[in-house]
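**Student:** Sequence:
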Amino acid sequence: MHVSRKGREKTLLAGLGLITAVLLAGCATSTATVDGDRTPDSGDATAALTAAVAAANTDDPNAADFVGAKSGSGTGLVVGYISAGEASPFVHALTVGVQEQAEKAGVDLRICDAQFDAAKALQCANDLSTQGITGLFNMQVDAASAPAICAVNDVPTIALAIHQKPCELSFVGAEDERAGYLAGVAMGAYVDSRFGCDVDKIFSLEDVNSGETNTKRVKGWTEGFQSICGDSLEFVHIDTAGLIDESQKAMTDALTTAPDSHRVVVFTIDDNAALGALAAASSLGRKGDLFVASQGGDASGHCEIRSNPQWVADVGYFPERYGEIAIPAMIALLGGDDINPDLHVQHSVFNSTNIDQFYPDDNC
93 MHVSRKGREK TLLAGLGLIT AVLLAGCATS TATVDGDRTP DSGDATAALT
143 AAVAAANTDD PNAADFVGAK SGSGTGLVVG YISAGEASPF VHALTVGVQE
193 QAEKAGVDLR ICDAQFDAAK ALQCANDLST QGITGLFNMQ VDAASAPAIC
243 AVNDVPTIAL AIHQKPCELS FVGAEDERAG YLAGVAMGAY VDSRFGCDVD
293 KIFSLEDVNS GETNTKRVKG WTEGFQSICG DSLEFVHIDT AGLIDESQKA
343 MTDALTTAPD SHRVVVFTID DNAALGALAA ASSLGRKGDL FVASQGGDAS
393 GHCEIRSNPQ WVADVGYFPE RYGEIAIPAM IALLGGDDIN PDLHVQHSVF
443 NSTNIDQFYP DDNC
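Going from the sequence shown to the working numbering is simple: count from 1 and add 92.
Honestly, the hints are just simulated from the structure, not real lab data.
Given the structure is predicted, the values throughout are model-derived calculations rather than measurements.
For each residue, glycine too, the CB sits at the ideal point set by N, CA and C.
There may be inaccurate statements among the hints.
What the hints assert, rightly or not - Okay, derived cross-link-like pairs now, DSS-like style, lysine-lysine, Cα gap no bigger than 25 Å in a straight line:
| id | residue 1 | residue 2 |
| --- | --- | --- |
| 1 | Lys257 | Lys311 |
| 2 | Lys257 | Lys196 |
| 3 | Lys308 | Lys257 |
| 4 | Lys257 | Lys212 |
| 5 | Lys311 | Lys341 |
| 6 | Lys196 | Lys162 |
As the list claims (entries may be wrong) - Distance windows between CB atoms, simulated:
| id | residue 1 | residue 2 | range |
| --- | --- | --- | --- |
| 7 | Thr226 | Ser319 | 19 to 27 Å |
| 8 | Gln318 | Gln207 | 36 to 44 Å |
| 9 | Ala424 | Asp136 | 48 to 56 Å |
| 10 | Gln207 | Ala146 | 38 to 46 Å |
| 11 | Gln215 | Glu195 | 19 to 27 Å |
| 12 | Gly428 | Asp337 | 42 to 50 Å |
Given these sequences and hints, build the entire structure.
**Tutor:** Dropping the structure here:
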């Protein structure tokens, strides 16, 4: 059964296996079929994808500028860096960007990879404490472990991508609630354009261990979607830890138990979860049933976004440019200057219709 926000009536006239949707005037939608592999009308789909990015891409005047480090401005500084896990394309892109800016500034950056493990993150903190660091970038992923890790190094700390309470003096990363909201608005605009907000299921694939990051993104995309499609649509929340395998399994199970659901909206905490969800639909022969909005915009998803119109929206975080904010901020902080406690990036939403504006050189 479809769940409808606007209560638009839809009468289906069946004959000789053909189904024609008779819609109220002014309501843009596409013909529905009972085939889980149905291919939506390409004209309608393209218009809806364009509507999605147009609705979501608004300027954030409070976003930090990508200023970049001045050559030699950090000479003599030794700064620690706890990476969340270099196996992640998002994290690795972020790390490389910080390394490049540190090298330009002359900062001696000491990196330790926590490999998405709280115990290893704590060991990283201990190892770095013996290396004479005067500042610390911390990106470990377990919010519950942050206080213990913070306690190891009594040095000025800047959190990267994930909040590190109570020791962070500044945060460089997403404005999580706004980023989530943009995904919700984009998806809302899409399904309003395509289906008049008449969808079957809405899933929220999350990473509960990331704490505040997860909470804010989920709140954002819920409110963003509801701002267009109302609040009568139930969200099904699933913790997949932002992992491809876990997300694929969760969506395989969900789709298997809902064989008649052909308009399934999925919000994901990151691009890994989006890739997993799309893989689940593909493996079940139901590519056309899933409509995904994700967070991150890292290189791991770019080729899929270009070729797959079911990836309705990806909120770009531009991790490769975080260093342009983080290194100047750390240098200022260690120089005794006050810095903004919230240095969030300017988010933009892209899909197959506009990704070239942001990443024209993808080798797909």
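**Student:** Please flag the earlier hints that this structure goes against, numbers listed from lowest up.
**Tutor:** Of the numbered hints given earlier, those the structure breaks are 2 and 7, listed in rising order.
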